[in-house]
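Next come the chains, spelled out residue by residue.
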Amino acid sequence: MSGVDALIAAHDDVVRDALRAVLAGDPAVVIESPPGAGKSYLVELAVSSAVLIAAERAAVATQTNSQAVDIAHRMAVAYPQMPVVLLTRKGMSTPPRLAGLANVRVVDAPADVPGGPAAIVATRAKWSSVDPGGANWEPVDLLVVDEAWQMADFAYAFIAGLAPRHLLVGDPGQIPPVVNADVRRWEDRPDGPHRPAPEALLARHRDAVTLLRLPSSRRLGAETVEMIQPSFYPQLPFGSSRPATRLVATGSPTDPTVDPVLGLATSGEMSLAVLGDGGQVRLLDREMADTIARVVRGALESTSVERGGVTVPLTPDRVAVVTAHVNQTAAVRLALSGVSGVNVDTAERHQGLEADLVVVWHPLSGRVEATRFATEAGRLCVMTSRHRAACVVVAREHVAGVIDAGPVTEGRTLGGSDPSWDGWKANDALWRRLHDGRAVTL
Amino acid sequence: MSRALVDLGLCLRAQRERRPVDASTRRLVDVRDDALLLSLVAMPGDMGSMWAFGIGTLTKPVGTVKATGDPRSFDVQRRMLGDLGVALRRHWRTWAKAGACPQVIVASRSALRLIETVVFRWANSSDLDDDQRKAVALLSFVAERGEYAGSRAVVVCTSALADRWAVGVEPDDADLLVSHLDWHGDDGPTLDRYDEPDVGLSDEDESTIVTPLSTLMSKGSASDSASVLTLGLSKPVTKVIDSIAKIRLERIAQAARLLREDPAPPLPGADDLWADDVAEWKWKVSGFDQGYRLGPSSSPKASAVTLARREEALDRWASLRLWGCEIELRRATAEGRVLIGTIADSDLSGVTIETPERTLRIRPGTELAWRDDPRIALEVDALIDRGADGTVVEARWTAGMRVGLPAVGTDVVFCDKPDQPRSYPIDRVRDTPWTHDPDLTPTGAGRSVSADPLADARALRADQ
Chain A
4 MSGVDALIAA HDDVVRDALR AVLAGDPAVV IESPPGAGKS YLVELAVSSA VLIAAERAAV
64 ATQTNSQAVD IAHRMAVAYP QMPVVLLTRK GMSTPPRLAG LANVRVVDAP ADVPGGPAAI
124 VATRAKWSSV DPGGANWEPV DLLVVDEAWQ MADFAYAFIA GLAPRHLLVG DPGQIPPVVN
184 ADVRRWEDRP DGPHRPAPEA LLARHRDAVT LLRLPSSRRL GAETVEMIQP SFYPQLPFGS
244 SRPATRLVAT GSPTDPTVDP VLGLATSGEM SLAVLGDGGQ VRLLDREMAD TIARVVRGAL
304 ESTSVERGGV TVPLTPDRVA VVTAHVNQTA AVRLALSGVS GVNVDTAERH QGLEADLVVV
364 WHPLSGRVEA TRFATEAGRL CVMTSRHRAA CVVVAREHVA GVIDAGPVTE GRTLGGSDPS
424 WDGWKANDAL WRRLHDGRAV TL
Chain B
8 MSRALVDLGL CLRAQRERRP VDASTRRLVD VRDDALLLSL VAMPGDMGSM WAFGIGTLTK
68 PVGTVKATGD PRSFDVQRRM LGDLGVALRR HWRTWAKAGA CPQVIVASRS ALRLIETVVF
128 RWANSSDLDD DQRKAVALLS FVAERGEYAG SRAVVVCTSA LADRWAVGVE PDDADLLVSH
188 LDWHGDDGPT LDRYDEPDVG LSDEDESTIV TPLSTLMSKG SASDSASVLT LGLSKPVTKV
248 IDSIAKIRLE RIAQAARLLR EDPAPPLPGA DDLWADDVAE WKWKVSGFDQ GYRLGPSSSP
308 KASAVTLARR EEALDRWASL RLWGCEIELR RATAEGRVLI GTIADSDLSG VTIETPERTL
368 RIRPGTELAW RDDPRIALEV DALIDRGADG TVVEARWTAG MRVGLPAVGT DVVFCDKPDQ
428 PRSYPIDRVR DTPWTHDPDL TPTGAGRSVS ADPLADARAL RADQ
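Chain order of the listed sequences is A and B. Read in order, the letters of the first sequence correspond to residues 4 to 445 in the working numbering. Read in order, the letters of the second sequence correspond to residues 8 to 471 in the working numbering.
Because the hints were derived from the structure by calculation, they are not lab data. Bear in mind that the values here come from a model prediction, so they are computed numbers and not experimental data. Every residue, glycine too, gets a C-beta built ideally from N, C-alpha and C. A hint or two may mislead.
Below are the DSSO-like pairs computed for lysine-lysine, each with C-alpha atoms no more than 30 Å apart in a straight line [stated by the list, open to error]:
no., chain 1, residue 1, chain 2, residue 2
1, A, Lys42, B, Lys246
2, B, Lys246, B, Lys67
3, A, Lys93, B, Lys308
4, B, Lys289, B, Lys67
5, B, Lys67, B, Lys291
6, B, Lys289, B, Lys308
7, B, Lys67, B, Lys242
8, B, Lys246, A, Lys93
Where chain A lies over chain B, by a calculated footprint (3+ residues, C-beta under 8 Å) [what the hints assert, rightly or not]:
no., region
9, 22 to 34
10, 180 to 188
11, 253 to 264
12, 285 to 296
13, 360 to 370
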């Protein structure tokens, strides 16, 4: 058995264990998943097993409306024999993707959810308005939380009473939940209400939780895994089970200045393009935006994607640009005028998405110090783990100095975790790995 | 551009004009006649020990002031709390009679931190008398409500002044009340004699007090490392700290008067946030009457509810300010959260809006309401980037089709819908789920499962 086959077999074993735990009635199952490990597929398998094999009612909680529609659609198509209910906010019309599916029902009131075995999908906000003891509500047996690391524990508390058994699936390396209120009171508590729900649950009930870790990524290649796993997932070892995929050169870009970058991008999965800064440091940096646009244009002109021996042209819809700030997004979009279809957005908006080529605006570019936001490990992790074939990180040369200066000391709590240090460490590790052998200066 | 740039612009304008300028077009706090001014004094690094407290009212800012030269024994701290409780007796009766909650005015966020620390130190103490418990109950209420955006029960002067007026205060000084007061040209107490920065008692006193203390210490011993206590200077130190508390109360009173006399129209719609203040106080008093512990519960469920309510208050307050204040609208616009443009096309099902903006946080699925008539709402379907010409936003009408939609050519402003319903109804956690009860340990059902549940699940898939 090859290494990849062994990894796929090990991955299947973990999925099998997860389904076994769910069907056996374990109180809670937490699945830690690296990027691109097939979380959605696992959720589909678990929900369909509960509904179609154990004849149970399963509630699926997502973080956003679009995730709810997406997962309802995927389950309805994969399991036409399974009743799927989408519980929406008041007055929301049926999403066009679900309109023609016979096994899907879209309702906006809990009282309208039919009884009997079914997969019932809603956002966590909607679920928090459902009274599990309400007169017109038939209880559910299993609560499945998708992208569970994006949900804070306080929000989990409001939906945890929906079902006696829980399955929480997510990526622990992503951007943590957004909490705007003051949380100093709980900073030193591993089960604080601001922590990701799975972490808080494990801190409180480690003995009652079946914790499983998916061991492979089907999106990221071996070279990427080697780069990001030690930086962002020190507690979650994983490998790559992705079919051979790479960016290949099929011509020359009109703009020869980006040739060295594209040469590096076609010779490996991850690369760093360093742009001189001439002593100027600015957050909104039009030259950075122009450089990123030139890299994208050059890649579209002169590269293709080779996957499993088949070569397909690199089209704009296969390219993404990830930034840390909305104004950087706007600057890149402006620089890319005339090229439509490239998904340019912030890391937050890119969570859960993927593309063949991803170009990253390094979050420390334009920063004079390594602030918590700029070094947030989850943000850089999202940025550098969306690509199927290649990732090009574009950074100003001053970034090296900012990293060398160390993290800022803001907001450290005695006895609590230290996101500033963790983020700086992850940034430093990734920067060194990229800089030593995978970098080119523009 | 971000909201921080709007605020920087306001700050620069204040610097140029050498006067405070509006940071809000609305009055954001209402200072009541019966508002209580409160100041606690502590030493840096020793936040849990109260060296002095002072309470007063708008008409008599320096009411009761008690100070000590050495609060480090529990007995002294208890006595300080008891004195505070005695000073609160009359107010307590007034609040009970009126069925109202207190309104407490404190100087700054640092003051709030100190109050919180005192609460954490004493809330679980079982041997407090009635007066001491009253003091802890009030401080606990202040510490908690002070974290609720829009609360009227607690007014933090530095925050309230900064929310209403932009001044040229350096970021490092933003939490110092005296920095704000200087800009408002008050003719308050003369602070010159306390002008030399040295060790300080807290951030707030950095530039005010301390010469007397250092003078006392240098007189008392050749060794400047000795503590105030061992120098035997308890009495003169008490005197100095007493004067600190008085000055602080006077400053708080000045700030309160500025806020009270603010001629701007009040921000509408915050009644439910203030009703929360009253409900919280009633709950606090009920716990007090029944002899319960007075501090915040640290159980997972209580923590979750507290944080959820803080988040709700923030969302609600932000929404009220966005809908009620033109400067807040400018901030939201700078952040890309507001759609300002012209209706290019519209029928009963959908609308196309052209905006010159390019930096937008609005995405497909975002729901927005028309600022002229929030009954009319839309949901964004697509955003088309037109480069330097801005953005075209395509959307579906979701509400108000019978009200009268804005016509083609109308200049419109759409922003987040107001009055969001509460996301976290508290009664949903009346029964604590096992996940949030550390004392409950559920066990698995131990049901028998097929040898290969993965194969079973895959076999059910249509794509197999």
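Hints versus structure:
With a C-alpha separation of about 67 Å, the suggested pair Lys42/A and Lys246/B falls outside the 30 Å cut-off, and the hint is violated. With a C-alpha separation of about 20 Å, the suggested pairing of Lys246/B with Lys67/B holds against the 30 Å cut-off. Using a Cα cut-off of 30 Å, the hinted pair Lys93/A and Lys308/B holds, with the two alpha carbons roughly 28 Å apart. For the hint pairing Lys289/B with Lys67/B, the CA-to-CA distance comes to about 27 Å; that is within 30 Å, so the pair holds.
At most 30 Å may separate the alpha-carbon atoms for a hinted pair to count; Lys67/B and Lys291/B meet this at roughly 27 Å. For a cut-off of 30 Å, the pair hint linking Lys289/B to Lys308/B stands: about 20 Å separates their Cα positions. With a C-alpha separation of about 26 Å, the suggested pair Lys67/B and Lys242/B falls inside the 30 Å cut-off, and the hint holds. As the CA atoms of Lys246/B and Lys93/A are separated by approximately 64 Å, the hinted pair breaks the 30 Å bound.
As drawn, the region 22 to 34 of chain B meets chain A at 0 residues by the rule of a beta-carbon pair under 8 Å; below three, the given contact is violated. Counting residues of the region 180 to 188 of chain B whose beta carbon lies closer than 8 Å to any beta carbon of chain A gives 0, which falls below the threshold of three, so the coverage claim is violated. Counting residues of the region 253 to 264 of chain B whose beta carbon lies closer than 8 Å to any beta carbon of chain A gives 0, which falls below the threshold of three, so the coverage claim is violated. Counting residues of the region 285 to 296 of chain B whose beta carbon lies closer than 8 Å to any beta carbon of chain A gives 0, which falls short of the minimum of three for the stated coverage.
Coverage of the region 360 to 370 of chain B by chain A holds in this model, with 5 residues showing a Cβ closer than 8 Å to a Cβ of that chain against a need of three.
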